[in-house]
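Using the hints, build the complex out of the two chains.
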Amino acid sequence: MPNTKRRRLVATTVAVTLGATALAACGSSDDDSETESGPVSLTYWTWTPGMDKVVDLWNKGQGKEEQINVTVKKQASGDTLVTKILTAHKAGEAPDLVQAEYQALPTLVSNDALADISGDVGDAQSKFAEGVWQQTTLGTDAVYAVPQDIGPMMFYYREDLFKKYDLTVPTTWDEFAETARALKKKSPDTDLTTFSANDSGLFAGLAQQAGAQWWTTEGDKWKVGIDDAATQKVATFWGDLVAEGAIDNQPMYTPAWNKALNTGKQIAWVSAVWAPGTLTTAAPDTKGKWAMAPLPQWSESENVTGSWGGSSTGVTTDSEHKEAAAKFAAWLNTDGEALNALAKEGGIYPASTSAQLSGAFQTPPDYFSNQADFYTEAAEIAETTAPSAWGPNVNVAYTSFKDAFGAAAKNKSDFTDALKTMQDDTVADMKKQGFGVSE
Amino acid sequence: MTSARRKSYGVKGAPYAFLLPATVLFLLFFALPIGYALWLSFRKVRVSGLGLGSGARTEVWAGLENYTDALTDSELVDGALRVLGYGCIVIPVMLGLALLFALMLDSDKVRLAPFTRLAIFLPYAIPGVVAALLWGFLYLPDVSPFYFVLDKLGLPQPDLLDGGPLYLALSNIAVWGGTGFNMIVIYTSLQAIPAEVYEAAKLDGATPVQIALKVKIPMVAPSLVLTFFFSIIATLQVFSEPTTLKPLTNSVNTSWSPLMKVYQDAFGKGDIYAAAAQAVIIAFVTLVLSFGFLRAANRRTRQEAAR
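Line by line, the protein sequences give chains A and B.
First residue of the first sequence: 0, per numbering that gives the first Met the number 0; consecutive thereafter.
First residue of the second sequence: 0, per numbering that gives the first Met the number 0; consecutive thereafter.
Hint data in this document are derived by calculation from the structure and do not stem from the laboratory.
Heads up, a few of these hints could be off.
Capping the alpha-carbon separation at 25 Å, the derived lysine-lysine pairs in DSS-like fashion look like this [stated by the list, open to error]:
1. Lys151(B) - Lys258(A)
2. Lys151(B) - Lys183(A)
3. Lys151(B) - Lys264(A)
Partial chain B-side listing against chain A, Cβ under 8 Å, derived [as the list claims (entries may be wrong)]:
4. Leu49
5. Arg56
6. Gly84
7. Pro144
8. Val148
9. Leu149
10. Ser250
11. Asn252
12. Thr253
13. Gln263
14. Phe266
15. Gly269
Glycine included, every Cβ here is placed at the ideal spot set by N, Cα and C.
Extracted from the complex, chain B is given alone in its bound form (with noise of 0.2 Å):
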């Protein structure tokens, strides 16, 4: 920047120099990469013959034909199912745990609050392929303790990595890791209540649990959404587990999840083109179910504020 024009645009100017550099690193290194993904979703490579030498593989426009393969990939749908289930378990049961244990540790008979509070968050900080791993060789028959205390014990011993149970073993890790950091989202946020709306509640004769269900439930919503919110980015996203369990079983195949297939189809058969169409038509349904729920979620906010 010139001094003349420092002088001639001087405070005008000012907020736009600040903007600069975040707007550039925006630029160059997220829309740019959205921007080339989107460009590849409509391209593929055209082969010709037997595929050999220089000139046999060309890049062409394709339009929406990797979309409509993705749209009608049964594996792409069947994946998403999968995550669908897998999702009805984790949610409800991570963010009820978390409201649980929350409530719980915001309790004045609490001991030990400190600890248990670390206790609970601390499996958040295990990476998740760790955990997925430190889970799996608990799950394999052969090796897992529990397995062989059920043998000790002549009790049946469930296959956790086929069928149903392996949608349990699955979201057992989810909500292990996941429970802590959604727990101190919504302490914070209970902490953050003024106490004399306990005291006005207790004034007026409510008792701990009325307190909790009426008064803490109510003023933590938002906190909930924002769970919420997380959750569901998280289990459209996820990818590490299933990838993890993957070579000790039969039961998880290389598509098993939504991303499983895009990573499948661009690492493993170098289609980068169908695998980016794959990621687009999974960020926009991300964007759409996160942003519906934002949306319905406010507009209650916003009536029951009215009322």
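Chain A with its partners taken away, still in its complex shape (with noise of 0.2 Å):
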């Protein structure tokens, strides 16, 4: 189901503390203090649906006072759009502006592909959570993107067949495992919910809620924590739902699990804000039998989230115009009007804290009808997110999870030697490239 991906938003506080001195080379050296003159135009590169008519406000309005017209170039979402950058870097050729997802901003950083707008975005930086805008400088001084979407994780579950196999909806992921052994009691062919290997962003968010810093400085080097306490925890937790069949194995985004969602025979779904989107259409004949409440906490007395998904928007280095770029940037994502558009028009969630209320978020989303508060609720547990730490090849961790996740939850084995699988890999990339890294 590509439109998820799509409408994946995130969230977040990112604690990449990258270490300052390496990126002082790569910091605030463009010279991007050139002043414009006569009309620029910019090309952007964004896979947000009905982007062009976002654009098209900016275009016809502040965008003709100052004689800078931008062109949207539609692209596939996600890793496919970051190998798309980078090759057109190495050509020079990259375009003006880009949309990049938060955990790859380190890969395109290292590649030089981003230019550092500190100084081009005036106070955008007020308008973020202060987690969410540090992803975007990766824990220096430099910025190198102002955050669009994000995805703070929650629990969607089906209100009136909780209340038909008289579950309470559980608030840690204690209660969550008997939930799902209560149901099987019940009603044997129905699941609570699947561990889906085809999506590494939804377990790296339950990792993140758990406490998981996956990739960390240290000096000169790297340290890959994938293979750490918190994770493995989270691992442990969902291999011995899957190992006992307290839930189901099959990936998620088939039309099997659209039917099994749309017939009641799944009855919940951890996923992030975006999910009314991804819901509409997997289960349309069960909207407004949904509700939304926050995820699940490891103990009583916490409360916090992970995130799945979200983006920003970056200035490359290649561009020639890259104030005017920068000046785009700050509009899209701050201007209220501009905002209002994204909702409607691109379906997003977005990472500025003052739209998460206004405009389009006033109202529950069509789906969710029945739950009046659902953005308000949705903005507090969006200030719960905890930091996420990503680094410079979070595509080769991903693509090891979904293959490693994938085999163990087909066989019902170990989760945590899946888990050591994706941290040897991680890490002998890394060190295959010449990354330092240390054990």
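Rendered as structure tokens:
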């Protein structure tokens, strides 16, 4: 279901604390202080649906006054776009503006593809939660992108069926496991949910909630913590549920998954704020029967969530009009009118905190018309997003996840072995490339 | 070309002038990209420290490193073995069916021949990705009408997207899509056999089955060789079917076939150097296998002709 990926928003707080010394080199060495004169034409690579309509607002309004015209070039989402940007950058032909998921920013920055726009985005920083903004600075003084959308994670469930099977909404992961088992006892053909190995972002978000820091730096070296205690806890939890048959092990976003959600064969989904869009197409018959609650916690005293998806707008080092491009990026992601249009045309959940409760977000999504305070609660949950820690080869770790956890879910084997494989693959790739890696 | 040149080289230069456009296009869009892929396959990226900053990544000479990595990579070898197993099912079944259908269509007794021919050929006109999606839906127990019927009849419902049956499921898509094309190739060459040959066989008292086995099949041997040749190449390059089924099941991983591994390394991991080396290896193996087969087939035909 590609539209899910498109809708992936994000969230968070990054704690990628990259060595500031190492960054000094790529920091603000680009001369972007050139003053613009005459009409400027910019190209923007994005996968957000309806972006051309949002850009029209700029081209007819502020852009017309400042003689900055932006052209949208629609792209495929996620990792394929990263590769395309890097390839174009190699030829010195990258577009002025690009959309990039937060976890791709270190990869783009390490390839010197994104420009530091700290001097050109005005007071944009004040519009975002600190953790969200930090993801675009990679913990330095530079600013490599302006946050666009976020995807705080939540728990979605069939309200009517929870009542029917006499289940309570789990607030901790222990209760979640009990709920899954209780449901299996009452209705053996029904699953609470599935463990899907085909979207690594979900697992990354769950690990993030548990406190995992997959990539950190120690001086001149990276430390990969995929196989850390927090992630092991998450892997064991889901592995046990799959092994004992308390939940399903089939991938999501398949016709079978759609049917399971639509017919009440699966009655809950751990997802993110963009879930209403996915459910609308996957389970159209159950509209109004779902409800959203905060993600279950690892202990009762905690209140924290992870993020799944989300993206930002960056300016490339190849752009000849960085100042104009940065101005547009700031407008797109902070201007009230622009964000309203983005929500309406692109269905995104804005990273800008002030936009999370205005305009389109004053009323619940159509699919959740039964839950009047959907977006009020969503905004509260978004505030509790744990920091994320991305590194320069997230793509390798994600691929390894799909293969290793896909096999483990299929065979109902030990998930911690799969996690070890993921860690080893990631470290081996970094070493092969020559990154400094501490054991 | 100046008029002076045309005068002096006149006729001599003409063939070269005619060849020029093709040569330029060949060099530009065929030889050059292959050369660049070869060049890339001997390179790699060297990162220093944290890999951040403009000077942290440099492209360096890798020698044969990418090749040794690829050849010792168990994923690539496993993928090759999977494709071998897949090919052992697809090629005999597909060509067997194509030959059978072609012979049946060519017999005098067949009715509705044009319609049947079109019906068998039609799946070939459906793009591979669409065919794989279509079959993927039919393989998924929860949405497949076949499973519904099996369920109602109380019959066992095999999981087609796992283990051994997965090979059958994938082969089925290829056979469904490819049989028609191969049938047309064989059928066309059957049509080209002069009628006197059949007449002679009939006068000698040959039955239709004997005619098919002893006359028709040997006479269409060259097109069988051709279809076999195409099928080997298509099998080694299998990509879209497993890629399309991948999201539907945990059993197909990102490097199921060698070409998927190339794609994954180039566009998933961003390592175009390793991907280039693997692509070169796959191209080389394809060349060796397909031309090896052609040579062997030609030698046999020559021997038979000499006999």
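Tested hints:
A distance of roughly 19 Å separates the Cα atoms of Lys151(B) and Lys258(A); the hinted pair therefore holds under the 25 Å criterion. At most 25 Å may separate the alpha-carbon atoms for a hinted pair to count; Lys151(B) and Lys183(A) meet this at roughly 24 Å. At most 25 Å may separate the alpha-carbon atoms for a hinted pair to count; Lys151(B) and Lys264(A) meet this at roughly 19 Å. Taking 8 Å as the C-beta cut-off, the interface hint given for Leu49(B) holds, the closest approach to chain A being about 5 Å.
Interface restraint check: Arg56(B) against chain A, minimum CB-CB distance 6 Å, threshold 8 Å, status holds. Contact between Gly84(B) and chain A, as hinted, is not supported at the beta carbon level, the nearest pair being about 18 Å apart and thus beyond 8 Å. Below 8 Å, beta-carbon pairs count as interface contacts, and Pro144(B) has none with chain A, the closest being about 12 Å; its hint is therefore violated. Below 8 Å, beta-carbon pairs count as interface contacts, and Val148(B) has none with chain A, the closest being about 17 Å; its hint is therefore violated.
Annotation: Leu149(B) was flagged as interfacial toward chain A, and the flag is violated, the nearest CB pair being 16 Å apart, outside 8 Å. The interface hint given for Ser250(B) is met, as the beta carbon of that residue sits about 6 Å from the closest beta carbon of chain A, less than 8 Å. Hint status for Asn252(B) relative to chain A: holds, with the closest Cβ pair at about 4 Å, below 8 Å. Taking 8 Å as the C-beta cut-off, the interface hint given for Thr253(B) holds, the closest approach to chain A being about 6 Å.
Interface restraint check for Gln263(B): the shortest CB-CB distance to chain A comes to about 6 Å, inside 8 Å, so the restraint holds. Look at Phe266(B): its Cβ gets to within about 5 Å of chain A, closer than 8 Å, so that hint holds up. The criterion of a C-beta within 8 Å of any C-beta in chain A is met by Gly269(B), whose closest approach is roughly 6 Å, and the hint holds.
Of the numbered hints listed earlier, those contradicted by the structure are 6, 7, 8, 9.
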